[in-house]
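Number of protein chains: 2
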Amino acid sequence: MKIQDIARLANVSVATVSRVINNNDNVREETKERINRIIKENNYYPNIIARNLSKKENNTIGIIIPDIKNLYFASIMDGIVNEANRRNLNIILGCSNENFELQAKYIELFIEQRVKGVIIAVTQNSYDKIDFFDQTSSKIPLVLIDRKIDKQMPGVFFENFYSVYGVVEKFIKHGKKKIGFLAGPQTISTAKERLDGYKKALKDNGIKYDKKLVLYGDFTLESGYNLGKEILEREIDAIYISNNSMTLGFLKVLKELNINSENIKIATFEDNEIIRFIDEKIVSYNMPFSELAKKSIEILESLLKNDTSNTTVEINL
Amino acid sequence: MKIQDIARLANVSVATVSRVINNNDNVREETKERINRIIKENNYYPNIIARNLSKKENNTIGIIIPDIKNLYFASIMDGIVNEANRRNLNIILGCSNENFELQAKYIELFIEQRVKGVIIAVTQNSYDKIDFFDQTSSKIPLVLIDRKIDKQMPGVFFENFYSVYGVVEKFIKHGKKKIGFLAGPQTISTAKERLDGYKKALKDNGIKYDKKLVLYGDFTLESGYNLGKEILEREIDAIYISNNSMTLGFLKVLKELNINSENIKIATFEDNEIIRFIDEKIVSYNMPFSELAKKSIEILESLLKNDTSNTTVEINL
Numbered sequence: 001m002k003i004q005d006i007a008r009l010a011n012v013s014v015a016t017v018s019r020v021i022n023n024n025d026n027v028r029e030e031t032k033e034r035i036n037r038i039i040k041e042n043n044y045y046p047n048i049i050a051r052n053l054s055k056k057e058n059n060t061i062g063i064i065i066p067d068i069k070n071l072y073f074a075s076i077m078d079g080i081v082n083e084a085n086r087r088n089l090n091i092i093l094g095c096s097n098e099n100f101e102l103q104a105k106y107i108e109l110f111i112e113q114r115v116k117g118v119i120i121a122v123t124q125n126s127y128d129k130i131d132f133f134d135q136t137s138s139k140i141p142l143v144l145i146d147r148k149i150d151k152q153m154p155g156v157f158f159e160n161f162y163s164v165y166g167v168v169e170k171f172i173k174h175g176k177k178k179i180g181f182l183a184g185p186q187t188i189s190t191a192k193e194r195l196d197g198y199k200k201a202l203k204d205n206g207i208k209y210d211k212k213l214v215l216y217g218d219f220t221l222e223s224g225y226n227l228g229k230e231i232l233e234r235e236i237d238a239i240y241i242s243n244n245s246m247t248l249g250f251l252k253v254l255k256e257l258n259i260n261s262e263n264i265k266i267a268t269f270e271d272n273e274i275i276r277f278i279d280e281k282i283v284s285y286n287m288p289f290s291e292l293a294k295k296s297i298e299i300l301e302s303l304l305k306n307d308t309s310n311t312t313v314e315i316n317l
Numbered sequence: 001m002k003i004q005d006i007a008r009l010a011n012v013s014v015a016t017v018s019r020v021i022n023n024n025d026n027v028r029e030e031t032k033e034r035i036n037r038i039i040k041e042n043n044y045y046p047n048i049i050a051r052n053l054s055k056k057e058n059n060t061i062g063i064i065i066p067d068i069k070n071l072y073f074a075s076i077m078d079g080i081v082n083e084a085n086r087r088n089l090n091i092i093l094g095c096s097n098e099n100f101e102l103q104a105k106y107i108e109l110f111i112e113q114r115v116k117g118v119i120i121a122v123t124q125n126s127y128d129k130i131d132f133f134d135q136t137s138s139k140i141p142l143v144l145i146d147r148k149i150d151k152q153m154p155g156v157f158f159e160n161f162y163s164v165y166g167v168v169e170k171f172i173k174h175g176k177k178k179i180g181f182l183a184g185p186q187t188i189s190t191a192k193e194r195l196d197g198y199k200k201a202l203k204d205n206g207i208k209y210d211k212k213l214v215l216y217g218d219f220t221l222e223s224g225y226n227l228g229k230e231i232l233e234r235e236i237d238a239i240y241i242s243n244n245s246m247t248l249g250f251l252k253v254l255k256e257l258n259i260n261s262e263n264i265k266i267a268t269f270e271d272n273e274i275i276r277f278i279d280e281k282i283v284s285y286n287m288p289f290s291e292l293a294k295k296s297i298e299i300l301e302s303l304l305k306n307d308t309s310n311t312t313v314e315i316n317l
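Chains as they are written, first to last, in this note's numbering: chain A, 1 to 317; chain B, 1 to 317.
Honestly, I wouldn't trust all of these hints.
As the list claims (entries may be wrong) - Subject to a maximum C-alpha distance of 25 Å in a straight line, what follows is the list of computed BS3-like cross-link-like pairs (lysine-lysine): (1) A:K139 - B:K40; (2) B:K2 - A:K116; (3) A:K69 - B:K40; (4) B:K69 - A:K281; (5) A:K199 - A:K151.
Claimed, not checked - So the derived list for chain B, only partly shown, Cβ under 10 Å to chain A, looks like this: (6) G94; (7) K105; (8) I130; (9) Q135; (10) L221.
Since the hints were derived computationally from the structure, they do not count as laboratory data.
All C-beta atoms in this analysis are idealised placements derived from N, C-alpha and C, irrespective of residue type, glycine included.
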């Protein structure tokens with residue numbers, strides 16, 4: 001069924017049918033009703049790709065996140081969905097599963113679908129792929145969220161370095177001497193910045209860096225569990241754990257070994273209801289996910305207006 | 001920059017440029033390289049919407065889920081993303097936030113974008129919207145997952161009724177007499193079927209149904225917490241809780257009231273690593289999310305081949 005067929009059945013011109021489909025008022029009410037009835041009876045679905053093609057845009061933005069099963073990214077996503085609804089934007093999501101190739105595939109797909117722009121929390125191993133992101137942002141407005149790459153680009157990021165710095169400094173001021181650190185993959189900017197914050201806080205407060213107190217994981221519950229067992233043998237009196245999943249893994253070890261968390265001061269980057277529920281004494285931040293969502297969409301809209309000033313924001317926790 | 005401009009710069013016909021873009025081998029290697037270089041230098045991005053328009057399809061399927069922050073749906077989504085990757089399909093996701101209007105908007109959007117089909121876990125209040133789903137499935141292949149509507153439609157569902165029936169029957173055989181039930185919104189088929197399973201198990205095992213032992217929540221942590229406080233005043237010796245979030249809320253009450261979970265037998269529908277982590281004695285199912293994902297995509301592909309036999313599957317737990 002084509003628009004021509006509808007026009008023939010309604011005994012009007014193709015232009016008239018087109019006006020009705022596009023809610024143009026310049027058609028008599030009676031004719032409009034007749035055409036709409038015929039459209040409905042024939043299950044005609046207007047070829048809106050063609051309409052978008054002529055309009056050269058639609059009202060959709062693409063989002064790419066690396067791990068949908070992680071509550072941190074689910075919360076970011078939730079914030080963006082809600083903000084987009086408020087602004088009458090549609091969201092389409094790609095899940096990259098920390099896979100760079102899949103991420104590239106989703107970007108291509110979104111460009112093909114003519115989204116207005118893409119908001120992206122990049123996969124690990126994206127940090128030094130400057131060429132890729134240069135090329136991509138020449139094709140479509142791109143706003144990074146949460147994770148940076150090795151190049152100044154429009155984006156919204158949480159303040160990782162000073163958040164960790166502040167917590168570790170507090171630990172030291174409260175008399176903690178052996179502060180362990182469970183790090184994330186160092187190919188992710190957030191994991192790297194958190195570790196840097198830890199190192200600097202030790203240095204500025206006169207505590208020697210001990211590499212045996214720093215273990216490297218992959219942000220999963222399993223790695224938190226395995227590294228937890230290892231680090232607990234080193235008589236730490238406090239620990240900073242770089243993300244929520246590794247924190248859950250660490251808490252599992254404490255439970256299995258029947259260790260009271262009163263004896264080890266624990267901190268992690270982001271608050272969430274499950275961690276708080278398991279142990280409300282854990283030091284963490286109540287993350288401003290909705291602020292990140294709001295700013296990322298605002299930046300995208302600035303880019304669409306070719307306003308490239310103030311397009312990088314760091315949100316303090 | 002149009003395809004005509006590329007052709008002019010490369011001193012070839014538009015048809016030749018088109019062949020290169022579409023990876024058609026029928027072009028000399030030297031010419032192909034020259035054209036690709038010009039495309040790259042000029043940041044030309046082929047108008048793939050127009051290509052899709054002429055092909056009338058692309059390799060993308062749309063998914064709609066009601067709540068992205070719920071680990072149950074995140075796990076379903078994760079299964080579908082992985083299965084789609086295996087089959088070289090692209091996924092775009094809409095999050096309906098349990099909002100029927102938003103769900104309708106995403107379906108329209110996906111149709112506009114010419115996805116192959118839509119896999120959908122419907123929002124609450126979708127159960128009796130038969131006209132809406134009839135209309136939708138006349139426009140695009142539609143596969144329901146997890147939640148049913150009041151009409152036989154292609155879909156993949158978990159066995160809710162007998163799962164709950166089996167657990168409650170076991171409770172009774174183990175001597176439990178006052179079995180509480182925290183129900184979900186009865187406008188969702190899964191919540192309704194779980195409650196029906198509870199009622200039937202009581203009946204078949206000679207226990208009188210006591211409506212004071214059944215409380216109705218909305219599938220959130222908060223409602224599990226509030227209903228938990230209420231039901232614990234009724235001296236239950238076992239409880240079935242209809243979803244994961246309400247179970248977390250219930251466990252929070254136990255913790256606050258310092259009640260040992262040994263004294264109340266607890267069951268919930270789906271296993272997940274966080275619930276297992278908090279209390280491994282909770283009775284639950286290890287959900288076959290990947291089977292659901294696989295079957296839903298298989299059914300979608302059958303529909304695309306106009307094979308409508310065997311398109312409803314119930315997965316036993």
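| task | Check each numbered hint against the structure and report the violated ones by number, ascending. | result | Hint check: 3 and 8 fail, others pass.
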